[in-house]
Amino acid sequence: AQTVTQSQPEMSVQEAETVTLSCTYDTSENNYYLFWYKQPPSRQMILVIRQEAYKQQNATENRFSVNFQKAAKSFSLKISDSQLGDTAMYFCGVSEKLVFGKGTKLTVNP
Amino acid sequence: NAGVTQTPKFRILKIGQSMTLQCAQDMNHNYMYWYRQDPGMGLKLIYYSVGAGITDKGEVPNGYNVSRSTTEDFPLRLELAAPSQTSVYFCASSSDRHTYEQYFGPGTRLTVT
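So the sequence lines, in the order shown, correspond to chains A and B.
Using my numbering, you'd call the opening residue of the first sequence number 1 and step up by one each time.
Using my numbering, you'd call the opening residue of the second sequence number 1001 and step up by one each time.
No lab work stands behind these hints, which were simulated from the structure alone.
Each hint should be verified, as a subset may be incorrect.
[To be verified] Under the rule of at most 27 Å between Cα atoms (straight-line distance), these lysine-lysine pairs were calculated in the DSSO-like manner:
| id | chain 1 | residue 1 | chain 2 | residue 2 |
| --- | --- | --- | --- | --- |
| 1 | A | K55 | B | K1009 |
| 2 | B | K1009 | B | K1044 |
| 3 | A | K105 | B | K1009 |
| 4 | A | K73 | B | K1057 |
| 5 | B | K1057 | A | K102 |
[Claimed, not checked] A few chain A residues that don't get close to chain B, going by computed Cβ distances all over 12 Å:
| id | residue |
| --- | --- |
| 6 | Q6 |
| 7 | F35 |
| 8 | S42 |
| 9 | Q44 |
| 10 | R50 |
| 11 | Q56 |
| 12 | T60 |
| 13 | S74 |
| 14 | F100 |
| 15 | V108 |
For every residue, glycine included, the Cβ atom is placed at its ideal position computed from N, Cα and C.
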């Protein structure tokens, strides 16, 4: 079974600062993928970043990066230089059938 | 490309009614998925399909049925609607299991009263 835990229901950050969202997971698969999706108020689900478990190098997409600790089954998302448009729900997900966490509501304050 | 489209956007059902949520994608993706998102919660997988004619259950399949007769379409059928099925339903697709990047539709908000 796959489970995903996001322990921070809500977070806030000032514009231009850095914030880290936490995610831990459990899976019985040997090879899997991890994701962060963003859901703004428009409700559209948008892929932010993806990490392949067999790759040790942490994935980076512009201002978004992850800290992937495979042994600890931890997959946190770091958002640098936060922008007002980053305000959204963020969901961590794992593997093919995309088990999601309950989400973290991020608010970026001006 | 329209991507993933879903109809209707909103629907109110009475208890015991049935309906079909439509989902179509024009990206020639083999994989398609149905999720539900309850208020304040993440997405839960209802059913998925790895190609035309092949479907499988996800985490919460009870009360739903699916079919996949073409690559493009993946309708979700609700039989005997119940208040517990009040949710936002998302359809998604991906090109293959190795990319895992899913493209989501805009969602259907369903209320059962």
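Status of the hints after comparison with the structure:
Only pairs whose Cα atoms come within 27 Å are accepted, and A/K55 paired with B/K1009 is rejected, the gap being roughly 39 Å. Straight-line distance between C-alpha atoms of B/K1009 and B/K1044 comes to about 19 Å, which keeps the hinted pair within the 27 Å bound. For the hint pairing A/K105 with B/K1009, the CA-to-CA distance comes to about 24 Å; that is within 27 Å, so the pair holds. With a C-alpha separation of about 26 Å, the suggested pairing of A/K73 with B/K1057 holds against the 27 Å cut-off.
Proposed proximity of B/K1057 and A/K102 is supported: the alpha carbons are some 21 Å apart, at most 27 Å. Distance to chain B contradicts A/Q6 as a non-interface residue, since its nearest Cβ pair spans about 8 Å, not more than 12 Å. Non-interface status of A/F35 relative to chain B is broken: a Cβ of that chain comes within 12 Å, the nearest being about 7 Å off. Not every Cβ of chain B is farther than 12 Å from the Cβ of A/S42; the closest lies at roughly 8 Å, contradicting the non-interface assignment.
Look at A/Q44: its CB is around 6 Å from the nearest CB on chain B, not clear of 12 Å, so calling it non-interface is violated. For A/R50, the shortest C-beta to C-beta distance to chain B comes to about 6 Å, within the 12 Å cut-off, and the non-interface label is violated. Chain B leaves A/Q56 outside its interface by the beta-carbon criterion, the shortest separation being 18 Å against a cut-off of 12 Å. Under the 12 Å C-beta cut-off, the non-interface status given to A/T60 relative to chain B holds; the minimum distance is some 16 Å.
A cut-off of 12 Å between C-beta atoms confirms that A/S74 is not in contact with chain B; the least separation is 18 Å. The claim that A/F100 is not at the interface with chain B is violated, since a C-beta of that chain comes within 12 Å of its own (minimum 4 Å). A cut-off of 12 Å between C-beta atoms confirms that A/V108 is not in contact with chain B; the least separation is 20 Å.
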